[in-house]
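**Q** If you read the protein sequences in the order shown, they are chains A, B and C. Numbered per this note's numbering, the first sequence spans residues 997 to 1263. Numbered per this note's numbering, the second sequence spans residues 1008 to 1271. Numbered per this note's numbering, the third sequence spans residues 17 to 330.
One should not assume that every hint holds.
Unchecked claim - Pairwise CB distance ranges (calculated): (1) C:Leu-127 x B:Ala-1157: 31 to 41 Å; (2) B:Ser-1244 x C:Arg-303: 46 to 56 Å; (3) C:Val-296 x A:Gly-1204: 31 to 41 Å.
Stated by the list, open to error - When the alpha-carbon atoms are kept at most 20 Å apart in a straight line, the in silico PhoX-like pairs for lysine-lysine are as follows: (4) B:Lys-1177 x B:Lys-1235; (5) B:Lys-1225 x B:Lys-1235; (6) B:Lys-1022 x A:Lys-1036; (7) C:Lys-199 x C:Lys-168; (8) C:Lys-305 x C:Lys-294; (9) C:Lys-225 x B:Lys-1191; (10) B:Lys-1071 x B:Lys-1059; (11) B:Lys-1155 x B:Lys-1177; (12) B:Lys-1030 x A:Lys-1036; (13) C:Lys-168 x C:Lys-118; (14) B:Lys-1026 x A:Lys-1070; (15) B:Lys-1026 x A:Lys-1036; (16) C:Lys-168 x C:Lys-300; (17) B:Lys-1184 x B:Lys-1059; (18) B:Lys-1223 x B:Lys-1155.
Think of the hints as simulated: they come from the structure by calculation, not from any bench. From the three backbone atoms N, C-alpha and C, an ideal C-beta is built for every residue, glycine too.
Residue strings, one per chain:
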Amino acid sequence: MARKRSARQEAMQRAVMYPLDWLEERSGLVGATRYFLFRKVPGDTSWWHTLGSATLTAFLVQLVTGVILAMYYKPDPRSAHASIEHIQHDLTLGWLVRGMHRWGASVFIILMFMHMGRVFLFGAYKYPRELNWIIGVLLLATGLFEGLTGYLLPYDQTAYWATVVAININGTAPFVGPYLATLLRGGAEIGPDVLARFYSLHMLLVPGALIGLIGLHLYLVVRLGVSSPPWSRDAAGRDPDPEPPPVRSGLVQPGPRAAGVRRRPAE
Amino acid sequence: MSSLDERRAGFQRYKQDVKTRGKPFYPYAMFHDTVMSLVVVCVIAGLAVIWKYWDVLGTTLGPKADPGTTSFVPRPDWYFYFLFYLLRIFKWPESVILATIGIPTIALVLLLVIPFVDLRRERRLSRRPVAVVAAALTVVSMGVLTYKGATAQEAIASEVEAAIPSWAQKEGFAGNKEALAGAKLFAESACVSCHTYLGTGSSNLGAPDLTAEGAKGKGIQFQIDHLKCPSCVNPGSPMPSFADLGESNLRKLATFLEASKGPK
Amino acid sequence: MEDRPGDDRPQLPPPSLWPVGFAVGIVCLLVGLVVSWPAAAVGAALAVVFGFLWAREVATGRAQVAGPPPAEPSPDAPAIPAHRGEAAMPEPEPGERFPRSKFLEGATLGLGGVIGAIVTLPAAGFAVLPGFLKQKAHEVDVGPLTDFEENKWKLVTFLRDPSEGEISRRTAYIRNNGLLDGKPSFTVISNRCAHLGCPVQPGGPLFPKQEKTVKTDNGEVQVTPMLPAAGFICPCHGGAYDQEGNRTAGPPVRGLDRYEFSIRNGRLILGNTFSVGKVVGSGKDARIKRYELTGPGQHVDGIESWLYPLQPPH
């Protein structure tokens, strides 16, 4: 696309490109971003393929709203409930941030299940994407655990008792159950440290694990590529079309059937 | 079952196809992603707004946690309702561990193992009957369990007592002092832990709904005898005996039950 | 100072004391500004004099120092691929070993392991162990014996450990069984269900109008009369227990836990909780099969108890 550029436009382009080139020469980041943005994906990707990035968006909403909430929430049993009331009723738009965080969790989990279902039905867990599927299942389990730890934090009746039951459910696991329950509780009974323990898990350990797993997940998606929908006639990587049957002249006896004539199912 | 070489060759063809016929991620696919992400953010914000201004999504914050309470029934967040309801299905002591640990662990292991069990290259749904059936069964069963977990009723004594005036009106025993006193006893004696009545209470251990108990014409004496010794009157019943309430309290309860002939 | 074109050798001046004197002068000047004016004046003078001498030496020195012309930049070497070159270990000559490099490899990994252990083990121990150390025994005074009439049930709410505050609030169902061999006998049952820990409800009415609040050393204790005619029933999944805490129906895997108790100065003192397999008999004649405190949902007897061979310390 050769467009005649005035000298002024040339100068402006150089000015814009200069910092990018500076960064690229010293880090390679610009090239990596370009590769990510302009890499080829199959031309028949559908709206079903948006569920994965939608899940990522929900997670980012949780991250941002969670960070803001953490600035006002007090993880001590004596003041946790009051701090949530403060956020809900007194702080400007506190109700919106808290509401988005609470419902964002539900949306995140729904989207994870939908994305998992989509990947399963598209057969996108097959070679070479098995590792990505396993990482996805780990993400599901970790995401559910994040929801579990977050549920205690408002410290109202629902939160406290649901957590009592959840920890006891973990305690029924054979052999390690009692130890697992004690580990989660920080003791034999739910004591003053449980809230801080769950807060640390919810804010630091589990989000760290989620971010790490998501990074791996995205890396594999970029490396291995996005699969076409299975119904697509133009699917990338489908089996090659069978050869056309040989032309028969009609003047000679037809020979034995060639092997390539029988149609193989397209994949 | 496709061999590893066939699968590798298939992936090479995929890469070749994408190279020759693929489109750049930006802007083609990324446009779809951006639209969907916008929808997601709007839905989340919308739910937050609805939660604050209307009652349909439940209360924004309950009363402060009271570890010594005797009148609260715990529930998890909605996405655990399917596990929550499983616990109601497995109600024999020997089977508890199945519902708490067994089934979820088995489900997780099955999920992890899928790519190693299914080694066929076939991706079209019409040729993957096992996958389609398994997915349909999973979705349906989790949906049903979640729904039943969501609608599973429980009741706390104080909530139930507060409902008595409306019961009296619906069932028509508002003028009957004995029946009103019996209704209060009914609410306080944890009867609704196993029985449902006019939409409140839980249904556990096969206990029948008592909304129209009086319409069955069993009579007050039957009710008193039953309350004194349920398994004598109804062999195999897991209901405990309420004999210690005393004769006059039992009469009040029996009157209430017999006056409950169903909503008018 | 402009370099001459092509002059990219580092400048190497001959040793000189003028910069030292200049620096001393500057220091004196600055200190003197804070401490005393005469010192500042001396410092300024020193700085000017030595600075002048230094500058003169440098200006004249450059003209005298003339090094060899700089070498031409070497012709383009072939580009070294990123994965080879000096960064990689050279292949060993045949017959040669690298004992030193092996030692270094081992030492690096070993020291890394030690450092990792020093950092993570205390942190992990700090996070994990406190829950497993023996919890201190809590004794709770729930009031004078006179508050507990014989054969009457009371719902008692107290703080297990007042220093922990509200989070240690617990409820127990207490009945005075009269005297056994001259000593008071009590049935003290915990209100946490043995299935999954939901709060259990009494199978009968409470009498909140007769509630008493007793002031004790461990905070306020609420004592409410009640009549659990049908025992105790759990609303979560329909678990039912009789008045001794034995399971009669539903999913609980054993009976309700109990509290140890003692009598001191005419007051009822509650101690540690323990788990119960089965209670035979009732009231003061009850014989309790006792186990160490076990979490809800975990069997204490029967074949399933082998699933839970060890309990963390309480």
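**Q** Look at each hint and say if it fits the structure.
**A** Status of each hint after checking the structure:
With their beta carbons about 56 Å apart, Leu-127 of chain C and Ala-1157 of chain B fall outside the hinted range of 31 to 41 Å. At about 27 Å, the CB distance of Ser-1244 of chain B to Arg-303 of chain C disagrees with the hint of 46 to 56 Å. Evaluation of the 31 to 41 Å hint for Val-296 of chain C and Gly-1204 of chain A yields a failure: the beta carbon distance comes to about 53 Å. With a CA separation close to 28 Å, the supplied pair Lys-1177 of chain B and Lys-1235 of chain B exceeds the 20 Å bound.
Restraint check for Lys-1225 of chain B and Lys-1235 of chain B: the C-alpha separation of about 15 Å stays at or below 20 Å, so the hint holds. Our distance criterion of 20 Å between C-alpha atoms is met by Lys-1022 of chain B and Lys-1036 of chain A, whose separation comes to about 10 Å. Restraint check for Lys-199 of chain C and Lys-168 of chain C: satisfied, since their Cα atoms lie roughly 17 Å apart, inside the 20 Å limit. For the proposed pair Lys-305 of chain C and Lys-294 of chain C, the alpha carbon gap of about 5 Å is at most 20 Å, so the pair holds.
Pair hint Lys-225 of chain C plus Lys-1191 of chain B holds up; C-alpha atoms about 15 Å apart against a cutoff of 20 Å. Among the hinted pairs, Lys-1071 of chain B with Lys-1059 of chain B is consistent with the structure: their alpha-carbon atoms are about 19 Å apart, no more than 20 Å. At most 20 Å may separate the alpha-carbon atoms for a hinted pair to count; Lys-1155 of chain B and Lys-1177 of chain B exceed this at roughly 26 Å. The straight-line distance between the Cα atoms of Lys-1030 of chain B and Lys-1036 of chain A is roughly 5 Å, inside the 20 Å bound, and the hint therefore holds.
Proposed proximity of Lys-168 of chain C and Lys-118 of chain C is contradicted: the alpha carbons are some 80 Å apart, above 20 Å. For the given pair, Lys-1026 of chain B sits about 53 Å from Lys-1070 of chain A by alpha-carbon distance, which is inconsistent with the 20 Å threshold. Of the pairs offered as hints, the one joining Lys-1026 of chain B and Lys-1036 of chain A holds, with about 7 Å between alpha carbons and a cut-off of 20 Å not exceeded. For a cut-off of 20 Å, the pair hint linking Lys-168 of chain C to Lys-300 of chain C stands: about 13 Å separates their Cα positions.
Straight-line distance between C-alpha atoms of Lys-1184 of chain B and Lys-1059 of chain B comes to about 42 Å, which puts the hinted pair past the 20 Å bound. For the hint linking Lys-1223 of chain B to Lys-1155 of chain B, the alpha-carbon distance of about 28 Å lies beyond 20 Å, and the restraint is violated.
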